[in-house]
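2 protein chains.
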Amino acid sequence: MNLPEQVVIKEVGPRDGLQNEPQKIPTDQKIEWINRLSDTGLSYIEITSFVHPKWIPQLADALEVAKSIRKKKGITYAALVPNLKGLERALEADIDEVSVFMSASETHNKKNINKTIKDTYPVLEEVVNEAKKHNKSVRGYVSTVFGCPYEGEVSVDQVIDVSRRLFDMGIDELSLGDTIGVAHPKQVEEVLLRIKDEFPNKSIALHFHDTRGTALANCLTAMQLGFNTFDASLGGLGGCPYAKGASGNVATDDLLYMLDGMGIETGIDFQKLLDAAGYIQRQIQKPLPSHQMQIVHHQKESEQE
Amino acid sequence: MNLPEQVVIKEVGPRDGLQNEPQKIPTDQKIEWINRLSDTGLSYIEITSFVHPKWIPQLADALEVAKSIRKKKGITYAALVPNLKGLERALEADIDEVSVFMSASETHNKKNINKTIKDTYPVLEEVVNEAKKHNKSVRGYVSTVFGCPYEGEVSVDQVIDVSRRLFDMGIDELSLGDTIGVAHPKQVEEVLLRIKDEFPNKSIALHFHDTRGTALANCLTAMQLGFNTFDASLGGLGGCPYAKGASGNVATDDLLYMLDGMGIETGIDFQKLLDAAGYIQRQIQKPLPSHQMQIVHHQKESEQE
Chain A
369 MNLPEQVVIK EVGPRDGLQN EPQKIPTDQK IEWINRLSDT GLSYIEITSF
419 VHPKWIPQLA DALEVAKSIR KKKGITYAAL VPNLKGLERA LEADIDEVSV
469 FMSASETHNK KNINKTIKDT YPVLEEVVNE AKKHNKSVRG YVSTVFGCPY
519 EGEVSVDQVI DVSRRLFDMG IDELSLGDTI GVAHPKQVEE VLLRIKDEFP
569 NKSIALHFHD TRGTALANCL TAMQLGFNTF DASLGGLGGC PYAKGASGNV
619 ATDDLLYMLD GMGIETGIDF QKLLDAAGYI QRQIQKPLPS HQMQIVHHQK
669 ESEQE
Chain B
369 MNLPEQVVIK EVGPRDGLQN EPQKIPTDQK IEWINRLSDT GLSYIEITSF
419 VHPKWIPQLA DALEVAKSIR KKKGITYAAL VPNLKGLERA LEADIDEVSV
469 FMSASETHNK KNINKTIKDT YPVLEEVVNE AKKHNKSVRG YVSTVFGCPY
519 EGEVSVDQVI DVSRRLFDMG IDELSLGDTI GVAHPKQVEE VLLRIKDEFP
569 NKSIALHFHD TRGTALANCL TAMQLGFNTF DASLGGLGGC PYAKGASGNV
619 ATDDLLYMLD GMGIETGIDF QKLLDAAGYI QRQIQKPLPS HQMQIVHHQK
669 ESEQE
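As given, the protein sequences belong to chains A and B, one line each in that order.
399 is the number that the working numbering gives to position 31 of the first sequence; each next residue is one higher, with no gaps.
599 is the number that the working numbering gives to position 231 of the second sequence; each next residue is one higher, with no gaps.
If you are wondering where the hints come from, they were derived from the structure by calculation, not from laboratory data.
Hints should not be assumed to be uniformly reliable.
Which copy is meant is left open, so a pair is good if it fits within one copy or across any two.
Taking lysine to aspartate or glutamate pairs in the EDC-like style, the calculated list, with each CA pair at most 16 Å apart, reads [unchecked claim]: (1) Lys612 x Glu557; (2) Lys422 x Asp487; (3) Lys439 x Glu557; (4) Lys554 x Asp628; (5) Lys554 x Glu633; (6) Lys570 x Asp637; (7) Lys486 x Asp643; (8) Lys554 x Glu373; (9) Lys570 x Asp536; (10) Lys564 x Asp462; (11) Lys640 x Glu456; (12) Lys668 x Asp525; (13) Lys392 x Glu558; (14) Lys435 x Glu465; (15) Lys668 x Glu400; (16) Lys392 x Glu373; (17) Lys486 x Asp637; (18) Lys612 x Asp643; (19) Lys422 x Glu519.
Here the structure is a predicted model, which is why all the values come from computation and not from measurement.
Can you make the complete structure from the sequences, with help from the hints?
Right under this line is the structure:
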């Protein structure tokens, strides 16, 4: 099996996880959680989103969180930014990396951003240009790459078009998202072979959701094709916005279990990661859905019996 | 990606699933469930276990279940048999296939069968011989192939020794079990390359548990090596006996979602399978843990809101 020696896991739990949790977590608990994540060996944490609080009230404290965390050397602290207004706040917080986002499918883009794909480009371009002026690196998210909750299948050509536009704007990394968690390994192979072909020297991450249980198999497939950067949410925090309660992002701890077993280096300490998961689990007051946290949970229950 | 065109899924939910559920399901509900499973397109169903009811009270009605189900042509109905006494009952029920079982690790074998590995062989050999006399096919299970809950790592040599003994007895198929769900794809590759090498022309199934979330990735790896037979439990019924409440067998519906997506033929109807899962879910009165059933569950909840 041809596998990369090292993998970078980009922790998106404080943003993609928390924005999909029903309750609001107090700001100081978010800060404490991110500080604990910083001690696990993670090299990248997406800490919040500077979208308008009207859209995501769970992350209304973005500025305070971004300003108050204890930044550790060697870690990239990133945040989502939808427009110049959001970028202003992100710059005020001196965020390391800015993430712009859009969808590969027209309907999802419209519902998520309230703009056509065509009208989204100039908004993102402004953000990328302005961020670059401030020497920030920029990440570009493409959603619904493997399927759209409204349109179903999404053509790879469309994914490539959107991705090319983002690279042309100057993004430093592309993150391809299976937003609704429908991808299977053969599709991952088909899409990524095309992507490799179109963007041979670009930095590309995969953002899998585990809604149908295929996320780790999809990560494995991507690794066999040479991809080595994956977004994940600790403990599977957040779930799926399109089937509330079902699985969301691939869980950082489940991914790390597999990578550790296969001897692939990540720099992340498994036990420290589980401890950090335990911390946020106590704040949300329900068991986290990842396999590793379910084991911890049920072992504790057995001990108490 | 090199994948088999067809895969055989062997449904073990009525045995491996139900024996690990805390409550006893009434006999007529088990029969009804197996009858529904027979209508999904499955070609193999392990319906019960003829171990002494003292050990597995959940399956104390083995004989009645095996005698009362509506057997459909083309489906193999199998059952676990620990010894000649169990075989007698299995033969009385005219079961199609008999499964003998043991572990690759000494401690697990001792705790599970109350015998050393050495002392287990003659017992299984008697069963295989007697079953063959009655023209029954025989399956041999090896547990703890990828790790033991008591000993940790299990050597591949030991797995091969036990497997060879079983083949020498005349078993028709070997099922290699990741009893505690610790395997990762690289380990699967390492073990299966050795197994292929030692038993190039033998029928070999993989029996993965999803306790740590790696089961589908492990199935994918096995398929890439040419293996095409997998045991699974519908809806993830049963859970893990070593971490109560955590995931057990890979879920038939999760596996089928992935195989269907990849265009691999199984003969199984996805919707009929989900309906059959819905039936047993109503009997156990709690949501089944598979990803597909979680989606169904939460979609229903959203509709009711």
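A quick look at each hint next to the structure:
no. : hint            : in the structure
1   : Lys612 x Glu557 : neither (28 Å within a copy, 36 Å between copies)
2   : Lys422 x Asp487 : neither (21 Å within a copy, 69 Å between copies)
3   : Lys439 x Glu557 : neither (37 Å within a copy, 40 Å between copies)
4   : Lys554 x Asp628 : between (24 Å within a copy, 11 Å between copies)
5   : Lys554 x Glu633 : between (25 Å within a copy, 14 Å between copies)
6   : Lys570 x Asp637 : neither (28 Å within a copy, 41 Å between copies)
7   : Lys486 x Asp643 : neither (44 Å within a copy, 43 Å between copies)
8   : Lys554 x Glu373 : between (23 Å within a copy, 13 Å between copies)
9   : Lys570 x Asp536 : within (11 Å within a copy, 54 Å between copies)
10  : Lys564 x Asp462 : neither (33 Å within a copy, 56 Å between copies)
11  : Lys640 x Glu456 : neither (34 Å within a copy, 53 Å between copies)
12  : Lys668 x Asp525 : neither (49 Å within a copy, 35 Å between copies)
13  : Lys392 x Glu558 : neither (39 Å within a copy, 46 Å between copies)
14  : Lys435 x Glu465 : within (14 Å within a copy, 66 Å between copies)
15  : Lys668 x Glu400 : neither (24 Å within a copy, 36 Å between copies)
16  : Lys392 x Glu373 : neither (39 Å within a copy, 48 Å between copies)
17  : Lys486 x Asp637 : neither (43 Å within a copy, 41 Å between copies)
18  : Lys612 x Asp643 : neither (26 Å within a copy, 21 Å between copies)
19  : Lys422 x Glu519 : neither (26 Å within a copy, 54 Å between copies)
The structure shown violates the earlier hints numbered 1, 2, 3, 6, 7, 10, 11, 12, 13, 15, 16, 17, 18 and 19.
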